[in-house]
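The lines below spell out each chain.
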Amino acid sequence: MTFVAIFAMAVFAGVAGSMVGVGGGIVVVPMLSLAFGAPIKVAIATSLISVIATSSAAQTVFVTKGLTNLRLGMSLEIMTTIGAIAGGVTAILVSGQVLQGVFAAVLVYVAYTMNRRGGDVPAERTGLLEASYVDPADGRLIEYGASRFKLGAFLSFFAGNISGLIGLGGGAFKVPIMNVVMGVPLKATIATSNLMIGVTAATGAVIFYGRGYVDPFYAVPAALGVLVGARMGPHLAVRLRSRTLSVILQVLLLGFAVLMAVRAVQG
Amino acid sequence: MKRVDVARHVMDPVEKVVHWVLLVGLLVSVAFMGTGIVLGFAQGTGLPDTVVAPGDLPGALADGEAAAFLTLGLLVLIVTPFLRVAGSLVAFARERDLRFVLVSAAVLALMCLSVLLGRA
Chain F
23 MTFVAIFAMA VFAGVAGSMV GVGGGIVVVP MLSLAFGAPI KVAIATSLIS VIATSSAAQT
83 VFVTKGLTNL RLGMSLEIMT TIGAIAGGVT AILVSGQVLQ GVFAAVLVYV AYTMNRRGGD
143 VPAERTGLLE ASYVDPADGR LIEYGASRFK LGAFLSFFAG NISGLIGLGG GAFKVPIMNV
203 VMGVPLKATI ATSNLMIGVT AATGAVIFYG RGYVDPFYAV PAALGVLVGA RMGPHLAVRL
263 RSRTLSVILQ VLLLGFAVLM AVRAVQG
Chain L
-12 MKRVDVARHV MDPVEKVVHW VLLVGLLVSV AFMGTGIVLG FAQGTGLPDT VVAPGDLPGA
48 LADGEAAAFL TLGLLVLIVT PFLRVAGSLV AFARERDLRF VLVSAAVLAL MCLSVLLGRA
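These protein sequence lines are chains F and L, in that order.
First residue of the first sequence: 23, per our numbering; consecutive thereafter.
First residue of the second sequence: -12, per our numbering; consecutive thereafter.
Pulled out of the complex, with its shape left as it was, chain F reads as follows:
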């Protein structure tokens, strides 16, 4: 039964998203398009819907723990939203083949970035968009600020753009922007990125919705599946090593990349 199959696929996407820190979209789009025969634009719309679900659900936890830097997130959202609008409009106009080609390239990029888990940046007070949180690992109070705001905001446009174009949350781009470029500690970065992907995805989703690409047949089981998966992730993390899942996912993403590239060329 297709409903159960899509639901199960989305549960996997949700688990992967919550355990190794990639958004569900990177799994949802290729699976729907390659395994379930969904047209690429329907797959993108479905992915955006599941990204909103992931963001709303995870934020209810991140905000209570004080990990989300709301002011930083809102400031960058101006640029990611402009990017998402440009991306969404472009996606409606260009052919599915172009989107599949771009997606293949992004899959390779994400699989690559999963490899280099560098250390975290030191938390420093900068006087800009400062916030603090209690580190869940050791109970220390971390006080930090952001730096290089203009560069971060400029790059955020492109993160939003990719998101609206091919239906990802864009966390794979927002996390390095905030962490590496702006010097925000990783835990705050992940929580803030998660807040932002909800807004970016909703902006893209309304464009796809208006154009009739939101299909309940795919979107409903995908949204619910991702929610269940995201809740299961932290529990499974105790038993399954995230390194193992990370390798499985990398192989899967590279496989998707090859298939998507073939599709892009053959049409």
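Wrong hints could be hidden among the right ones.
Restraint ranges, calculated between C-beta atoms of paired labels, are given here [to be verified]:
no.	chain 1	residue 1	chain 2	residue 2	range
1	L	Leu48	F	Gln119	33 to 41 Å
2	L	Val15	F	Asn137	36 to 44 Å
3	F	Ala159	L	Leu14	24 to 32 Å
4	F	Gly141	L	Val77	15 to 23 Å
5	F	Leu115	L	Arg81	35 to 43 Å
6	F	Glu152	L	Leu89	18 to 26 Å
7	F	Leu115	L	Val(-3)	45 to 53 Å
8	F	Glu146	L	Gly46	52 to 60 Å
9	L	Thr32	F	Ala27	13 to 21 Å
10	L	Gly46	F	Val250	16 to 24 Å
Simulated from the structure, these hints should not be mistaken for lab results.
Please read all numbers here as calculations on a predicted model, not as lab measurements.
Quick reminder that beta carbons are idealized off the backbone N, C-alpha and C, glycines included.
With chain F's structure known, arrange chain L on it following the hints.
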């Protein structure tokens, strides 16, 4: 001795608004989608492949059509981040943080622009 949990974060007013808007939006959305799925399988129609047009929604809901509940669930899900930004705007206004009232307003205006672009 009373145990003091130092690791507990106390949410500020803006965080509280964000927390509650997202939680309620998510629960309402899941409730509508769940109802739609139950109705769809009970009526033997399964899941529809198109959403119900906004104008037909009230009538279709009254008729207990699965597609109407699923559409409403998806719409609530999509609208939730809009409400989150609108809620932050109000919360920043209450804190008299003019700068972030403007930032929230800009984000909300851009999001609304995309609604228009979806139609044009």
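Results for each hint:
| no. | hint | result |
| --- | --- | --- |
| 1 | Leu48/L to Gln119/F: 33 to 41 Å | 39 Å, holds |
| 2 | Val15/L to Asn137/F: 36 to 44 Å | 40 Å, holds |
| 3 | Ala159/F to Leu14/L: 24 to 32 Å | 30 Å, holds |
| 4 | Gly141/F to Val77/L: 15 to 23 Å | 39 Å, violated |
| 5 | Leu115/F to Arg81/L: 35 to 43 Å | 41 Å, holds |
| 6 | Glu152/F to Leu89/L: 18 to 26 Å | 19 Å, holds |
| 7 | Leu115/F to Val(-3)/L: 45 to 53 Å | 48 Å, holds |
| 8 | Glu146/F to Gly46/L: 52 to 60 Å | 58 Å, holds |
| 9 | Thr32/L to Ala27/F: 13 to 21 Å | 19 Å, holds |
| 10 | Gly46/L to Val250/F: 16 to 24 Å | 32 Å, violated |
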